[in-house]
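Q: What follows is the residue order along each chain.
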Amino acid sequence: APTVAPTAAPPTTAPSAATSAPSGGAADFSFALVTPNPRGDRSFIDAAARGAERAISELKVKGNIIEARVETEQEAAVRQAINQKYNIILVLAPTPPEGFVKLATETPNQKFGVPSDIFVDALPDNVAAFQINVHDSSFLGGVVAGLMTKTKTVGAVVGGDSPGLNQFYWAYKQGVKEVCPDCEVLVSYLNFKFSDPTLGKEAALGQFDQGADIIFQVAGRSGEGVISAAKEKGLFALGVDSNQDDVAPGNIIVSVMKRVDAATFLLVKNALENNFKGGFSQIGIKDGATGLSWDEGSTTFATKGPADMTAKLPEVQAKVEEYRAKILDGSFVVCDALADSVAPMAACDSVRAAAQ
Amino acid sequence: MNEIQISQDIITLAVIRSGIRLATPIILGALGFAICSRAGVLNFAIEGMMLFGAFAAIVAAFLLGNTYLGVVVAILAGGLIGAFFAAVYLKYRVDLVILALALNLFIAEMTVFFLRVVFGAFGSWSDPSIQQLPEINIPLLDQIPILGPLLSGHNIIVYTSWFASFALYVVLFHTRFGRHIRAVGENQSAAETVGIDVARVKIFVLILSGCLAALGGAFLSVGHLTLFTRDMTGGRGWLAVTASLFGLNHPIGVLFTGLFFGFADAFAVRLQTVTDIPPSLVQFLPNVAALVALVLVGARGKLREELARRRFRQRAQQEVAATVVTPAE
Amino acid sequence: MPAVEMQGITKYFASSQVLANDAVDLSVGQGEVHALVGENGAGKTTLMNILFGLTRPDRGTIRLNGTPVQIPHPNEAIRLGIGMVHQHFKLVPSFTVAQNILLGIEPSRYGLLDQRDENAAVKKLADEFGLPVDPAAVVGELSVGLQQRVEILKALQREARILILDEPTAVLTPQEARELFTVIRDLAKRGQTVIFITHKLLEVIEVADQVSVMRAGRMIGSKPVRETNLKEMARMMVGREVLLTVDKKPVEPGEIVLEVEHLLVAGVGGHTAISDLSFNVRAGEIVGIAGVSGNGQTELVDAITGLQPVDGGTIRLLRNEITNQPVGDRREQGMAHIPEDRLRTGLNLETNLDENVIVSRYREPEFQHYGLQDRAHIQKLAEWVVTQFSVASARPGEDIATLSGGNLQKVVLGRELSGSPKLIIANQPTRGLDVGSIEFVHRTLVDARDRGAAVLLISVELDEILALSDRILVLFRGRIAGEFQDEQATKEQLGILMAGGVIEEEAS
Amino acid sequence: MTSRQRRQIFDAVLIPILAIITGLAFSSVFVLMTSTPPLVAYQEMFKAGFGCERLDNCSFFLTLERATPLILTGLSAVVAFRSGLFSIGQEGQFLLGALMAAWIGYAIQLPPVIHSLVILAIAMAIGAAYAFIPAILKLRLNVNEIISTIILNSIAALFVTYMVNFPLRANRSSTASTPIIHASAELPSFFPGSHWGVGFLIAVAATIFVWFFLWRTVPGYEQRMSGQAPFFARFGGIRSERAAIRGMLISGALAGLAGAIEVLGVNRQIVAGFSSGLGFDGVLVAILGQAHPLGVFLVAILFAGIRLGSQIGLQITTNIPRELGGGILALIILFVSARSLFGDVINLFRNSFGTGRGIPKEDKA
Ligand SMILES: Nc1ncnc2c1ncn2[C@@H]1O[C@H](COP(=O)(O)OP(=O)(O)OP(=O)(O)O)[C@@H](O)[C@H]1O
Ligand SMILES: Nc1ncnc2c1ncn2[C@@H]1O[C@H](COP(=O)(O)OP(=O)(O)OP(=O)(O)O)[C@@H](O)[C@H]1O
Ligand SMILES: [Mg+2]
Ligand SMILES: [Mg+2]
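Residue numbers (the working numbering), protein chains in the order written: chain A, 1016 to 1371; chain B, 582 to 910; chain C, 114 to 621; chain D, 493 to 857.
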């Protein structure tokens, strides 16, 4: 599996999308990134866009970001991109995946990359796809929450009840229970309303009211409402996908990272350097494609958080590293809701049972 | 988990407060729709006006460095949209429904456009300098045991929505101008012939509904959160229209139906942390309630007609019988 | 100096292409009761709307007590002391009497209204003018007569010195009408100027000092009532000496075509519109229904033609009961209908001639095959209507919106008579038509009768009823107040019955 | 052709063109906020939306593909409007049609052509059934159809979300989606790598059908008369209630058909977020197309082209946010309905073409 080098994500949004690179060796190399929804989720789409912008500026290549208005427009946009003869077309979370695979099979001379989220059994040779597994990092997030909760109740606000999103949630819950067996974990699914922060906030306020003091949010823009609720209540949230620690300094303990940006960047880089290799690459915590914002040196919470909480950090971080090591050497298995949906996993038994 | 426990867990102070908050934009939007309906103007642009208010509030709060000023600007901006609406409707005779649909589309798309062009933000924008509207405790009210914690400690827009309901009730039913509004809505030519300026009334209600809907939007962007995202009203404007009809376009009725919709939303969110009922099923509730309300209102009208007709037949047949009998005597 | 002086008033309605007022002059003296008469569509309402600021004239000047005024809006009219009671009342049904009377001039304290103040003010006004009303009653629930009283009070409350009444008696019972005349005379005595629109010349003689006659948008003349008589006024109104007569063969009634028994129909708002009405129409005869409008004509026609549900009784067409049949079935059995509102009901002005002439017959096998319209045949029908009924400037396939009123009515007639109907219901068939067109319509109806059709003619024009009918029924308050064979009926008798049955004593 | 017909056609063509020009002119204000000159932006937008370089690189085909559901939902709105009901329930009917198609597409096995035909039929039936609700509410209880269809749209959207997330969800997916339909249910495309195909032909056929139905058949005549002049229709013996219900059933069937074609021809499944507003756009298309099938057909292509042009042309080549496209469309709708704005311009045209026939007031006086 390729290794993704963790790089600090730019904290603020970069100016604009489709700037072409100044002349250089790679000047005639071009790529396109086709997203399933418009930018502005402050999550995986923005992360992919960030990776693309980084590729444009660091690798001096040309790149375009093509945003679909809705998932159903994405495939057409990909077809349009094919006509424009890019060296590689990156398709984020292709929807529907089978349609994309069919399209790729029909255009064997076009290279494709999928930075994240494609759920099919086989891929043609011209598609390089990263499956970024977030269960391990979410588990670590759960460990953090389980160790730092004072009320023994933590929460999760999840965009919707689906395996892809449960890969975050189930592992998180497992993490909490692992370090705090008598902790209660509350969950609110938002019925796939990813852009209703108002609803996200009310869900979070409800959980805080029920005694939770830390909430993990996996809900796109609706998650912003969770962060806002934490800020308002002086309680805590966990970030997701990107490093969100600075969105509410002192209220976000840590972010569970899914390095879609790194995967995006890597796909461009590999293609530019003629290292393109088709097929699946499952990447995860081992490759640095997921992890916690602490891994890249985020100290926002350590400096801005309340003293009684920050005091626990060294101990918590030690525990996190302990679990990370066990996960990496295979001695501890984290529940993967996605894998579980194909073939039930023993590690998921406890969470799955509780979820029903 | 037994039922008593569930109901205790579900109907908590926090859930009710949550319902109150979720109801606020709906109430404001619904009042806007109601006042227009009372003047015979169907304003389906509430959704767009609300979204525009959300946008204007946060941008102004940022630029002016004061959230209250942001809210004021949002109200003015909403009024401006209402005035534009009125001008196009009255001057160019554009069909109101079409105008509203176009306006909703325009605002939904162009707010995002502006975010990108002006702030370089993609569909979602906030700035740490923007302060959320503070919660205000009402001095005496917050002392009262149950009511205090329930009703006190909301932000100014929540109180405004309640106040506006009562104020609109008084205006509509106990002031001259309100009576003129209703006269225009019920029989426009009657109003015209006594010298009521119908155009002025329509302009007024459209501006007022713009202000109210925009205030509802401001609640979302700076009252409840401090951010703007594309489509952040998420259909609340349409829900407001439904709430207004459900409340028979009566300000007090609207206050209660708005609260009902808000509570339904809050319970839907809360229910799943306590029970296994899928939230999507609970979210059917307000919609189905609205539909049922429409059906009931319609049925009531039909029933009245039918009863009147039946009474008439009885009475008339008696009359006829009486006249037939008379000559025989 | 005249209280009102209108000069050269001209108004053209582009939408209906009617020159409603053509250089009209009108002069009304201070404190006089001035009757404005003319046939339907003569332009009386338009002229008064202009005086009241509801309609802007294209040309012309208005002077009040010698001073030239501009009246762009009713506000201005009210300010100048003009009040108007409209033909169609301008009341808010859910408001109370007091709220309606004070609409726009509500007394308020700090902007707030006080119901008690309002009721007291209205009570005082009502007492002052001797027009008792219950200030707290909801207007929508009042009788028409009381609603009119509310309208008059509304004008008086605004201190109207010039009061315009647009056909105030059309909807009143005779008692109500008589009460109204008393009120009008009282008002005149107090120095109020009253302009009073009517079709009924007897009313002019009863109440007015001066009469002005309009015809087809023009002012024909103005005279003191003392110096004129019924005959002269009628001539001025209709435009020729001889009243309408139609040559027709003696009646040969055949079998009963339409049979109405114990019919009971509710009007809008649930009052009794038609009560225990029975009559029949035979083949080859024209039965005329005379009556002041508002006595149930509309409901009767709608019930027979199927446009309104029947609340009791039976209707038979050629011995088949059709009481609750849909309109289409009645038409298939040979019923034709010339509706009173030709623009809204009789025609679809948004489409072309072909689609208008086929509406009552489109189901017939001649005009469709397996659900596909036979456009060639439909076009033939349109051509037939145009030529047979000499519809000027109409052509198949073309829109009819620009046709003149007379020609539009010819389209309706042509369509309704095209299928050789067995029963023709003609409701106000000549309303708003010029004399030429009226003769044409009359001729057509008589021809249809001679061919053996049964014709039910409903008209508020007595002359029309007398000229055409073989048998005359007088409709009063939803009942038949009298029946005449053609020869027996005189205008006077009919007029008496139409005014409300007082006559029965005289007749006996 | 009579001069009047000529004038009508003249207006029908001229007004939209003027509206488009005015809409674009107004939008330039917004384009000027970016660094791209408006004319360049529009050129790029139209090139990307309507251009066709080669057969294998023809964005116009993509526009036609995207126009397909718009044509059908637009026609659906036309039938409803022409029957006198301002139903905006196309979105809900579209969603339910799509849901049915996705479900039957994978849940049962049938021989190729039959499978798709069965699905199309069932989707039409479900769309029609859903449209029956607002129709009957309107006729029996006088419930405003705009309001009821708005609510029914949200109920349908919630229902589809629920079904896609729970009962019908394919196992492996991050955003919830239904399983892919069987190949036997798919509607074929004209070119590989494109979804412009049989669905479009169906839309063309539906356009002709709606026109033929409304202007050549007996029920169509009843329909239009009831919508245009309800009193007249009733007077003539047309059963307006039946006509209205029939109109709504056809309207719903067309919207359901649109949903099915979108699934069978393009998406092959339903993903959460499928509710993309295609039904709602249909209402706008119908308004812009002056409630005429041919107008709808052309406007749907215009609509799809401007949306595509702003997504691909503006966004990629000029760096202008794609949302501008929606803004332009909104302005065009506004200007089309504010046709009185163009009254003077049109008179000018008309007079200079010698078709003027207005009666000046002075003549009459
Ligand atoms: N607003 C209008 N638009 C178009 N045409 C109109 C309008 N008002 C009146 N007309 C037309 O002007 C003519 C005169 O109408 P008006 O109402 O003044 O007649 P009238 O003498 O009052 O008749 P009636 O005795 O039936 O009330 C009629 O042909 C009528 O159709
Ligand atoms: N806008 C128009 N365009 C074309 N022709 C018109 C237009 N308006 C009126 N006409 C034609 O001009 C002629 C005169 O119209 P007008 O309405 O004055 O008729 P009229 O003299 O009142 O006839 P009638 O007595 O039958 O009502 C009619 O033949 C009509 O078809
Ligand atoms: Mg009149
Ligand atoms: Mg005429």
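It should be emphasised that the hints constitute simulated quantities derived from the structure, not laboratory data. Mixed in with the good hints there might be a few duds.
Calculated cross-link-like contacts (lysine to any residue; reagent style SDA-like; alpha-carbon spacing at most 25 Å) [unchecked claim]: (1) B:672 with B:593; (2) A:1165 with B:593; (3) D:539 with A:1125; (4) B:883 with D:722; (5) A:1246 with B:672; (6) A:1292 with A:1140; (7) A:1246 with B:759; (8) C:493 with C:518; (9) C:535 with C:427; (10) A:1246 with B:815; (11) A:1117 with D:599; (12) A:1167 with A:1324; (13) A:1284 with D:811; (14) A:1167 with B:593; (15) C:236 with B:815; (16) C:236 with B:759; (17) A:1075 with D:811; (18) C:336 with C:350; (19) B:883 with C:439; (20) D:539 with D:505; (21) C:361 with C:596; (22) A:1117 with D:675; (23) C:313 with C:271; (24) C:535 with C:369; (25) A:1301 with A:1137; (26) B:672 with C:185; (27) A:1165 with B:594; (28) A:1077 with B:593; (29) A:1334 with A:1318; (30) A:1117 with D:722; (31) A:1246 with B:708; (32) A:1077 with B:700; (33) A:1165 with A:1249; (34) A:1319 with B:646; (35) A:1100 with D:532; (36) A:1192 with A:1328; (37) A:1248 with B:646; (38) B:883 with C:438; (39) C:344 with C:315.
Q: Does each hint fit the structure? Answer for all of them.
A: For each hint, the structure was consulted:
Between the alpha carbons of residue 672 (chain B) and residue 593 (chain B) the distance comes to roughly 51 Å, so the proposed pair goes past 25 Å and is violated. Distance hint between residue 1165 (chain A) and residue 593 (chain B) is fulfilled; the C-alpha atoms sit about 22 Å from each other, no more than 25 Å. Straight-line distance between C-alpha atoms of residue 539 (chain D) and residue 1125 (chain A) comes to about 23 Å, which keeps the hinted pair within the 25 Å bound. Restraint check: the Cα-Cα separation between residue 883 (chain B) and residue 722 (chain D) comes to about 20 Å, which is no more than 25 Å; the hinted pair holds.
For the suggested pair residue 1246 (chain A) and residue 672 (chain B), the alpha carbons sit about 48 Å apart, so the restraint of at most 25 Å is broken. Taking the CA atoms of residue 1292 (chain A) and residue 1140 (chain A), the gap is near 8 Å; set against the 25 Å cutoff, the hint holds. A hinted pair counts as satisfied when its Cα atoms are at most 25 Å apart, and residue 1246 (chain A) with residue 759 (chain B) does not qualify at roughly 43 Å. Of the pairs offered as hints, the one joining residue 493 (chain C) and residue 518 (chain C) holds, with about 23 Å between alpha carbons and a cut-off of 25 Å not exceeded.
With a CA separation close to 19 Å, the supplied pair residue 535 (chain C) and residue 427 (chain C) stays within the 25 Å bound. This hinted pair checks out: residue 1246 (chain A) and residue 815 (chain B) have alpha carbons roughly 23 Å apart, not beyond 25 Å. A threshold of 25 Å between alpha carbons decides the hint, and for residue 1117 (chain A) with residue 599 (chain D) the separation of about 21 Å falls inside it, so the pair holds. For a cut-off of 25 Å, the pair hint linking residue 1167 (chain A) to residue 1324 (chain A) stands: about 14 Å separates their Cα positions.
In summary, the hint linking residue 1284 (chain A) to residue 811 (chain D) is supported, as the alpha carbons are separated by about 24 Å, within the 25 Å threshold. The hinted pair formed by residue 1167 (chain A) and residue 593 (chain B) meets the criterion: a straight-line CA distance of about 20 Å does not exceed 25 Å. Under the criterion of a C-alpha separation no larger than 25 Å, the hint pairing residue 236 (chain C) with residue 815 (chain B) is inconsistent with the structure, at around 54 Å. Proposed proximity of residue 236 (chain C) and residue 759 (chain B) is supported: the alpha carbons are some 23 Å apart, at most 25 Å.
For the suggested pair residue 1075 (chain A) and residue 811 (chain D), the alpha carbons sit about 19 Å apart, so the restraint of at most 25 Å is met. In summary, the hint linking residue 336 (chain C) to residue 350 (chain C) is supported, as the alpha carbons are separated by about 13 Å, within the 25 Å threshold. Among the hinted pairs, residue 883 (chain B) with residue 439 (chain C) is consistent with the structure: their alpha-carbon atoms are about 21 Å apart, no more than 25 Å. Note on residue 539 (chain D) and residue 505 (chain D): the hinted pairing holds, with a Cα-Cα distance of about 22 Å set against a maximum of 25 Å.
Annotation: proposed proximity of residue 361 (chain C) to residue 596 (chain C) holds, straight-line Cα distance about 21 Å (limit 25 Å). At roughly 12 Å between alpha-carbon atoms, residue 1117 (chain A) and residue 675 (chain D) fall within 25 Å of each other, so this suggested pair holds. Taking the CA atoms of residue 313 (chain C) and residue 271 (chain C), the gap is near 28 Å; set against the 25 Å cutoff, the hint is violated. Distance check on the hinted pair: residue 535 (chain C) and residue 369 (chain C) sit about 11 Å apart at the alpha-carbon level, within 25 Å; holds.
For a cut-off of 25 Å, the pair hint linking residue 1301 (chain A) to residue 1137 (chain A) stands: about 23 Å separates their Cα positions. Using a Cα cut-off of 25 Å, the hinted pair residue 672 (chain B) and residue 185 (chain C) holds, with the two alpha carbons roughly 18 Å apart. For the suggested pair residue 1165 (chain A) and residue 594 (chain B), the alpha carbons sit about 22 Å apart, so the restraint of at most 25 Å is met. About 56 Å separates the Cα atoms of residue 1077 (chain A) and residue 593 (chain B), which puts this hinted pair outside 25 Å; it is violated.
Our distance criterion of 25 Å between C-alpha atoms is met by residue 1334 (chain A) and residue 1318 (chain A), whose separation comes to about 20 Å. Our distance criterion of 25 Å between C-alpha atoms is broken by residue 1117 (chain A) and residue 722 (chain D), whose separation comes to about 52 Å. As the CA atoms of residue 1246 (chain A) and residue 708 (chain B) are separated by approximately 14 Å, the hinted pair is consistent with the 25 Å bound. Restraint check for residue 1077 (chain A) and residue 700 (chain B): the C-alpha separation of about 24 Å stays at or below 25 Å, so the hint holds.
Between residue 1165 (chain A) and residue 1249 (chain A), the direct Cα distance comes to roughly 13 Å. Compliance with the 25 Å bound is thereby established for this hinted pair. Simply put, residue 1319 (chain A) and residue 646 (chain B) have alpha-carbon atoms about 24 Å apart, close enough for the 25 Å limit, and the pair holds. Distance check on the hinted pair: residue 1100 (chain A) and residue 532 (chain D) sit about 22 Å apart at the alpha-carbon level, within 25 Å; holds. Note on residue 1192 (chain A) and residue 1328 (chain A): the hinted pairing holds, with a Cα-Cα distance of about 19 Å set against a maximum of 25 Å.
A hinted pair counts as satisfied when its Cα atoms are at most 25 Å apart, and residue 1248 (chain A) with residue 646 (chain B) qualifies at roughly 23 Å. Taking the CA atoms of residue 883 (chain B) and residue 438 (chain C), the gap is about 22 Å. The hint holds against a cut of 25 Å. The straight-line distance between the Cα atoms of residue 344 (chain C) and residue 315 (chain C) is roughly 11 Å, inside the 25 Å bound, and the hint therefore holds.
Going through the hint list in order, the structure does not satisfy hints 1, 5, 7, 15, 23, 28, 30.
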